[in-house]
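Heads up: the sequence shown runs through residues 1 to 199, numbered per full-length UniProt numbering.
Hints were generated in silico from the structure; no laboratory data involved. Incorrect hints may appear among the rest.
Unchecked claim - Taking CB as the label site, the calculated pair distances span:
id	residue 1	residue 2	range
1	158	85	32 to 40 Å
2	131	68	21 to 29 Å
3	136	103	15 to 23 Å
4	178	48	33 to 41 Å
Since the model is a prediction, treat every value here as computed from it, not as a measurement. Ideal Cβ positions, reconstructed from N, Cα and C, are used throughout, including at glycine.
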Amino acid sequence: MREATPYVKKGSPISEIGWETPPPESPRLGNPTIDPLLPLSLNIHRDKKTIPLKMCYVTRNMAMLDPENRLVEVHSPDAKHTLVLRSKDASSAQSWFYAIHSCISELIPKVISEVKDQLGKAGIAGGREIRHLGWLAEKVLGQNEKPWKAVLVVLTEKDLLIFESMPRIKEAWSTPLHSYPLLATRYLLFFSPESVYIF
Numbered sequence: 001m002r003e004a005t006p007y008v009k010k011g012s013p014i015s016e017i018g019w020e021t022p023p024p025e026s027p028r029l030g031n032p033t034i035d036p037l038l039p040l041s042l043n044i045h046r047d048k049k050t051i052p053l054k055m056c057y058v059t060r061n062m063a064m065l066d067p068e069n070r071l072v073e074v075h076s077p078d079a080k081h082t083l084v085l086r087s088k089d090a091s092s093a094q095s096w097f098y099a100i101h102s103c104i105s106e107l108i109p110k111v112i113s114e115v116k117d118q119l120g121k122a123g124i125a126g127g128r129e130i131r132h133l134g135w136l137a138e139k140v141l142g143q144n145e146k147p148w149k150a151v152l153v154v155l156t157e158k159d160l161l162i163f164e165s166m167p168r169i170k171e172a173w174s175t176p177l178h179s180y181p182l183l184a185t186r187y188l189l190f191f192s193p194e195s196v197y198i199f
């Protein structure tokens, strides 16, 4: 008689969360001692998923509309995966948003140090030194479905560089999507009730 348990027993919903990406070459976004491609074969890990927050970005109202303000979105550094967390109410969602954002922000100096180590004296995009990096929302013109998209913004001593996602190899750092010299760049700060939160 064949075992019927595999046909009856429902798997853990946690195991359906996809976040596995190959280990990056630059910077070391994940834990270097753990291979994320290895399946978690032990039963004790079936109901648990670890998602590294290094260079992820947390948003609200970007991937999906949230009229109740109960959703928090965590996006992977390669912009391929999104984890949407639903809270019981808007204040709980806001609390989770700030907690996750705080954790991600604390990791940024470490990422900058790792990128500098990886790039060495060559620096980024023409020998420039990274002063700051982070995620911002860019307005997409002509699209009504998703008017905003996340971009990685890197500030050097002379330029503002924009990347579509976190560069994973050394060569990708030298080819930003856009490069703006700071001397010719105007910075505007605006607030709106319809604004997208992204940090």
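Right, here's what the structure says about each hint:
Taken as a hint, the range 32 to 40 Å holds for the pair residue 158 and residue 85, whose Cβ atoms sit roughly 39 Å apart. The beta-carbon spacing between residue 131 and residue 68, approximately 39 Å, falls outside the hinted interval of 21 to 29 Å. Residue 136 and residue 103 have their C-beta atoms about 19 Å apart, which keeps the hinted 15 to 23 Å range intact. Look at residue 178 against residue 48: about 40 Å separates their beta carbons, and that is inside 33 to 41 Å.
Hint violations for this structure: number 2 only, all remaining hints satisfied.
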